[in-house]
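First to last, the protein sequences are chains A and B.
Counting from 36, one number per residue, gives the positions in the first sequence under the numbering used here.
Counting from 36, one number per residue, gives the positions in the second sequence under the numbering used here.
Simulated from the structure, these hints should not be mistaken for laboratory data.
Among the hints, erroneous ones may be present.
The list treats identical chains as one, so a pair stands whether inside a single copy or across any two.
[What the hints assert, rightly or not] Below, simulated BS3-like cross-link-like pairs (lysine-lysine); rule was C-alpha separation at most 27 Å, straight line: (1) K316 with K61; (2) K117 with K239; (3) K125 with K239; (4) K63 with K316; (5) K237 with K87; (6) K170 with K61; (7) K117 with K325; (8) K95 with K125.
Protein chains: 2
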Amino acid sequence: MKKIHKVAITGGTHGNELTGVYLINKFKKNPSLVKREHFETFFMHTNIGAMKQCTRYVDKDLNRTFTIAGLNDPSLGSYEDKLAKEINQKIGPKGSQNPNIDFIVDLHSTTSKMGLSLCISTNDKLTWQVAGYLKECMPEVNIFKWEGDTDDIAFVSSIPPSGFTIEVGSIPQGVLRADMFFETEKMIQHVLDFFELYNTDKLKKTYTNIEVYENSKMIDFPRGEDGYINAMVHPTLQENGYFKLTKGSPLFVTLDGEEIFFQNDETLYALFINEAAYYEKGVAMCLAKKKTIQI
Amino acid sequence: MKKIHKVAITGGTHGNELTGVYLINKFKKNPSLVKREHFETFFMHTNIGAMKQCTRYVDKDLNRTFTIAGLNDPSLGSYEDKLAKEINQKIGPKGSQNPNIDFIVDLHSTTSKMGLSLCISTNDKLTWQVAGYLKECMPEVNIFKWEGDTDDIAFVSSIPPSGFTIEVGSIPQGVLRADMFFETEKMIQHVLDFFELYNTDKLKKTYTNIEVYENSKMIDFPRGEDGYINAMVHPTLQENGYFKLTKGSPLFVTLDGEEIFFQNDETLYALFINEAAYYEKGVAMCLAKKKTIQI
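This is chain A alone, in the form it adopts within the complex (with noise of 0.2 Å):
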């Protein structure tokens, strides 16, 4: 079994999310919190001009701004463009098996009421050991698998082949909350403890399955010609995270208060429900299948 030798932390790769960047200089401050004996922890604030601003991004979205095409084109000179060039030469480089960075945890938050929720976007074998291991810690822990459309993944949890992104919420862009920003360091906190017991091969167990959220599709609010909405997120949802979906459930409301149902057939389940950063990208809402995968 290859031993980790680095494993990386990233907070602030959207600058509003501020319990990933207060993460990172807690950890700045005091860096024997991440420190263990078999391999070294590595953190940075990624998008630094972003945090400056307290904006998501300078110019675009650095945490799409990671597909192998985007970092070989030297035509892409937006502020995140040149980022994301130099991330993946500490990083990565992407593509490589044999990366500076061996797992890296990527840290962001969410106006959606998801609590602690792992998003995982690998098939990478030891990734899904990391989240079978957190899950068995942190029960509360809900894993979004996600499944791209392409295998160019844009992602700062791409970078290496194994990793994930944190996302806990609801916490409003610009905000810290103390219960999240605690949690979030537990969180952090067992990822290490894994790598520690994996390196000394005192883990006492193979995890084989695990219950995952995969990705259906994304919905848009209704919108107008104008690109303004005409609906908004249905109160029943509003203050839910992993909300189950049947055909006839209450899906969205007009401005007028008419109701919006859900219509599909099959069950499916509601996350990121109402995250701000996603008005733009014209999604309410990401619908997704529960099921239970073999890891």
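Since chain A is already given, all that's left is putting chain B on it; use the hints.
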């Protein structure tokens, strides 16, 4: 009694506070919703530049730009300074006893759990009568009475002599919440109903006293020399709108988990707890005295 001729409803003063933005959209599509027989209702988006970016402001906070001194200073040329002068021509001019608008309701939202709140920064008798009526219709409405350091108030709602700000929350920036949207609309309808009764001499009573939270001081987060905060709002306060603080109440918790307590002998109430936009203003919460005032 002088009749009311024109009431203004303004939204989008902060471009990422969508409740007001979309209520104005709704009224634009169906003006009859805010039409009354005995006065004219005027509604507008105040900061379209910030709305397009979905940011609080373009150059500076429009809701801190309506001082008489600033409006009369031709050297101030930022986007919001220019905008303030234009809006002042439509709704004011400020300082006039005969402004174009008799009463203004400016619509805001906050990431703080303020529920349905009015912010009132004037001693104007008519304004307080409307507040009394509204609180009678909707007892869940709380009133924050703002006594500034100066008479030259800078809020949009200070342009004509009569008016107030509606603040609803918690709502993340860039998010529309259906429940708060409809509750805010109800508040507006009651305000318009008041003026219809007022203009037709059908008001049944005069309000003589009212419970308010009167601002005492603002307090900042504990911060390091780098400007970053060292402590977060204590979880006990996080989900509260008007939180009673007595000596020894928890106030903050440091990133390391150490609790910081309220040291004041006088009982005060915390408002605007953990409002995202106030981090840059150096405000973690406002402290206020709860009292009943004669109106």
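The hints, checked one at a time:
1. K316 with K61: Cα proximity of K316 and K61: across copies only (23 Å, versus 32 Å in one copy).
2. K117 with K239: Answer is neither; intra-copy 43 Å and inter-copy 67 Å both fail.
3. K125 with K239: neither (33 Å within a copy, 72 Å between copies)
4. K63 with K316: The answer is between: 25 Å across copies meets 27 Å, while 33 Å in one copy does not.
5. K237 with K87: neither (42 Å within a copy, 54 Å between copies)
6. K170 with K61: within (24 Å within a copy, 45 Å between copies)
7. K117 with K325: Classified as neither: same-chain Cα gap 38 Å, cross-chain 53 Å, threshold 27 Å.
8. K95 with K125: Answer is within; shortest intra-copy Cα gap is 20 Å, inter-copy 37 Å.
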